[in-house]
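*Asks:* Now for the letters of each chain:
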Amino acid sequence: MTARIVRGSADPIRPGGAEPLEISLDGTRIGGLRGQTIAGVVLASGRLAWRRTSSDGRPRGLFCGIGVCYDCIVTVNGERDVRACQRRAGDGDVVESQYDELPEAGA
Amino acid sequence: MSDVLVVGAGPAGLAAARAARDRGASVTLLDAADELGGQYWRHLPPSRPAAEERRLHHGWATFTALRETLESDPGCAIVTGAQVWAIEAPDAEGGPLAVHVLVGPPDGTDRAGRTYRPGSVVLATGAHDRTLPFPGWDLPGVFTAGAAQAFAKGERVAVGERVVVAGAGPFLLPVAASLATTGARVLGVFEASRALGLLRGWLPRPWRLARAAKKGGELAGYAWGHVRNRIPYSLGHAVIAAHGTEHVEAVTVARVDADWRPIPGSERRIAADAVCVSHGFTPRLELPIAAGCAITPDRFVVVDSAQRTSVAGVFAAGEITSIGGVDAALAEGRLAGHCAAGGSPRDPEVRGAVRRRATFADFSVRIEAAHGIRPGWTSWLDDDTLVCRCEEVPYGRLRATAETTCASGIRSAKLTTRAGLGICQARICGRTVEELIDRAAGATSDAPSGRPPLDGATTDRRPIAVPIRLGELAEGALPD
Numbered sequence: 001m002t003a004r005i006v007r008g009s010a011d012p013i014r015p016g017g018a019e020p021l022e023i024s025l026d027g028t029r030i031g032g033l034r035g036q037t038i039a040g041v042v043l044a045s046g047r048l049a050w051r052r053t054s055s056d057g058r059p060r061g062l063f064c065g066i067g068v069c070y071d072c073i074v075t076v077n078g079e080r081d082v083r084a085c086q087r088r089a090g091d092g093d094v095v096e097s098q099y100d101e102l103p104e105a106g107a
Numbered sequence: 108m109s110d111v112l113v114v115g116a117g118p119a120g121l122a123a124a125r126a127a128r129d130r131g132a133s134v135t136l137l138d139a140a141d142e143l144g145g146q147y148w149r150h151l152p153p154s155r156p157a158a159e160e161r162r163l164h165h166g167w168a169t170f171t172a173l174r175e176t177l178e179s180d181p182g183c184a185i186v187t188g189a190q191v192w193a194i195e196a197p198d199a200e201g202g203p204l205a206v207h208v209l210v211g212p213p214d215g216t217d218r219a220g221r222t223y224r225p226g227s228v229v230l231a232t233g234a235h236d237r238t239l240p241f242p243g244w245d246l247p248g249v250f251t252a253g254a255a256q257a258f259a260k261g262e263r264v265a266v267g268e269r270v271v272v273a274g275a276g277p278f279l280l281p282v283a284a285s286l287a288t289t290g291a292r293v294l295g296v297f298e299a300s301r302a303l304g305l306l307r308g309w310l311p312r313p314w315r316l317a318r319a320a321k322k323g324g325e326l327a328g329y330a331w332g333h334v335r336n337r338i339p340y341s342l343g344h345a346v347i348a349a350h351g352t353e354h355v356e357a358v359t360v361a362r363v364d365a366d367w368r369p370i371p372g373s374e375r376r377i378a379a380d381a382v383c384v385s386h387g388f389t390p391r392l393e394l395p396i397a398a399g400c401a402i403t404p405d406r407f408v409v410v411d412s413a414q415r416t417s418v419a420g421v422f423a424a425g426e427i428t429s430i431g432g433v434d435a436a437l438a439e440g441r442l443a444g445h446c447a448a449g450g451s452p453r454d455p456e457v458r459g460a461v462r463r464r465a466t467f468a469d470f471s472v473r474i475e476a477a478h479g480i481r482p483g484w485t486s487w488l489d490d491d492t493l494v495c496r497c498e499e500v501p502y503g504r505l506r507a508t509a510e511t512t513c514a515s516g517i518r519s520a521k522l523t524t525r526a527g528l529g530i531c532q533a534r535i536c537g538r539t540v541e542e543l544i545d546r547a548a549g550a551t552s553d554a555p556s557g558r559p560p561l562d563g564a565t566t567d568r569r570p571i572a573v574p575i576r577l578g579e580l581a582e583g584a585l586p587d
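Taken in order, these protein sequences are the chains called Z and B. Each residue of the first sequence is one higher than the one before, counting from 1 in the working numbering. Each residue of the second sequence is one higher than the one before, counting from 108 in the working numbering.
A few of these clues could be false.
What the hints assert, rightly or not - Listed next, with one range per pair, are the computed distances between beta-carbon atoms:
1. B/Asp198 - Z/Arg80: 30 to 38 Å
2. Z/Asp26 - B/Gly201: 52 to 60 Å
3. B/Gly201 - Z/Arg34: 30 to 38 Å
4. Z/Asn77 - B/Glu159: 33 to 41 Å
5. B/Pro156 - Z/Asn77: 25 to 33 Å
6. B/Leu528 - Z/Gly17: 42 to 50 Å
What the hints assert, rightly or not - Over the 12 Å line for every Cβ pair with chain Z, so calculated as not near, a few chain B residues:
7. Ala196
8. Ser341
9. Ala365
10. Pro452
11. Thr485
12. Leu522
Claimed, not checked - Derived coverage of chain B by chain Z (criterion: at least 3 residues anywhere in the stretch with Cβ under 8 Å from a Cβ of chain Z; other residues may be distant):
13. 240 to 249
14. 490 to 501
15. 539 to 545
Just so you know, the hints here were simulated from the structure itself, not pulled from any lab data. Quantities reported herein were computed from a predicted structural model and do not represent experimental measurements. Idealized CB from N, CA, C, for every residue including glycine.
Can you build the whole structure from these sequences, using the hints too?
*Replies:* Laid out in structure tokens, this is it:
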């Protein structure tokens, strides 16, 4: 087990109703709740990484969680470089992970 | 009637907006998020109401009262999703200050550009976690403590199931407490400062602490929560490595000496799927720097008793003036807003705020003395530990480059290694890069360590305060 959303029935803050939504990440459908960020939806599905770094091809996901580090950027409905921890998920959002290859030297 | 622009809707900004309204100023309150409250009062969105949300917060009633007052006040224009990307200082002829803003969804492509030219501005931009690098800190599953807090409070998402919290400072306690409310198992809180250091930092002049009893109560509440949740709290311990290939599987925790050097033989491995690390806070200084505000040697905004900066019409409050916690931020914010609207710190209606500011001013000094970063942390680093996460610059390359070029300064080190030149604009690694370059220079010269950066440059000068799209710049981010 890794990251997950707190089950409402087990939550000491007694949450009321929440509306479900669904996004896709690289074609995989992921369910979440309205008001969650894209990072929150993806993270709660148990997936920790959704980007590869340009130089070493290393996995990255959420790090700072408050819009400072830009590690979590994704493409949302064709818009590149959107911080997944800042953008609220919209029902039906098409999210793609980013891997930006470095340009060839001298090309 | 004066008009006051407040940047940042955390505790300081909310208090500033309220105080400026109390004096009759017309107020505009900006925040990049779509909810008020800042990071401190980060909360669930309106689409997810919860009957007992206050249980996740300290001072929740203070927040909701400020929010209701400001939201129902036609004299206060609240603009959320408002990202300030540049600020222009008043020119020599006394021309007005200009604050350039993009309004819309975060990183959206069709945000609207606006420029404000207020009579005065209160900067209350807050701070973000400072996390020191260690081997494996770039693995998914390593988070800042702030991230764990933000997702626990803002979404009810637990960042892991078996979680280690580590670093330094009183902030680790509420983070562990928040994680516990998500049902995550907090395996331990590892505070690098040792008991003696904590005593030296927190105990001098204890009568001042007694005056800050409310704050003491808040910290005591966290301690009580730890007992209740049976979270082990260890002093003089640090996470010195995270292990895994695609994500964190374990961490190495070691005992550390007073300088935070690991004590050989004390290492132990703990299986964990998340580790949340914060070694303090970095104030968000780009707007005050761009506005021309004087900065103290320890890198906070210089303010006078009216929270005025060195630039006419620019006031500052909260964590950008010192890391003093929520009570200090509320008091400073109230004074900043009051004075930005033409008041004086001697006015009777702000007497309480002046007193509270004095009471809590002491906290920043105590926190720094007790939990401040100690130089031995660099012994955690391997040559291939990334220092700059964006540009993937490892410690070995940074140090070797600094030594072979005699580290003539931050600018040349950045240009030769690319450290600090990535998309986060050195927010995560800047202070670390400065410290490492400075030390590498110390190794090749007789210059003492701890002096200001070599070429007088710092990594928090960002004339374009956040990354924005070229298209936005071209198409009307500057409407006039």
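*Asks:* Take the hints in turn and mark each one as holding or not.
*Replies:* Evaluation of the provided hints:
1. B/Asp198 - Z/Arg80: 30 to 38 Å: holds, 36 Å
2. Z/Asp26 - B/Gly201: 52 to 60 Å: The hint (52 to 60 Å, Cβ to Cβ) holds, given that Z/Asp26 and B/Gly201 are roughly 55 Å apart.
3. B/Gly201 - Z/Arg34: 30 to 38 Å: violated, 49 Å
4. Z/Asn77 - B/Glu159: 33 to 41 Å: holds, 36 Å
5. B/Pro156 - Z/Asn77: 25 to 33 Å: holds, 28 Å
6. B/Leu528 - Z/Gly17: 42 to 50 Å: 46 Å Cβ-Cβ, so the 42 to 50 Å window holds.
7. Ala196: Given that every Cβ of chain Z is farther than 12 Å from that of B/Ala196, nearest at about 24 Å, it holds.
8. Ser341: holds, 24 Å
9. Ala365: It holds; B/Ala365 is separated from chain Z by about 29 Å at its closest Cβ, greater than 12 Å.
10. Pro452: Non-interface label on B/Pro452 holds, nearest chain Z Cβ at 32 Å vs cutoff 12 Å.
11. Thr485: holds, 21 Å
12. Leu522: holds, 17 Å
13. 240 to 249: holds (count 5)
14. 490 to 501: holds (count 4)
15. 539 to 545: Not satisfied, violated; 0 residues make the cut.
Hints 3, 15 from the list above are not met by this structure, while the remaining hints are.
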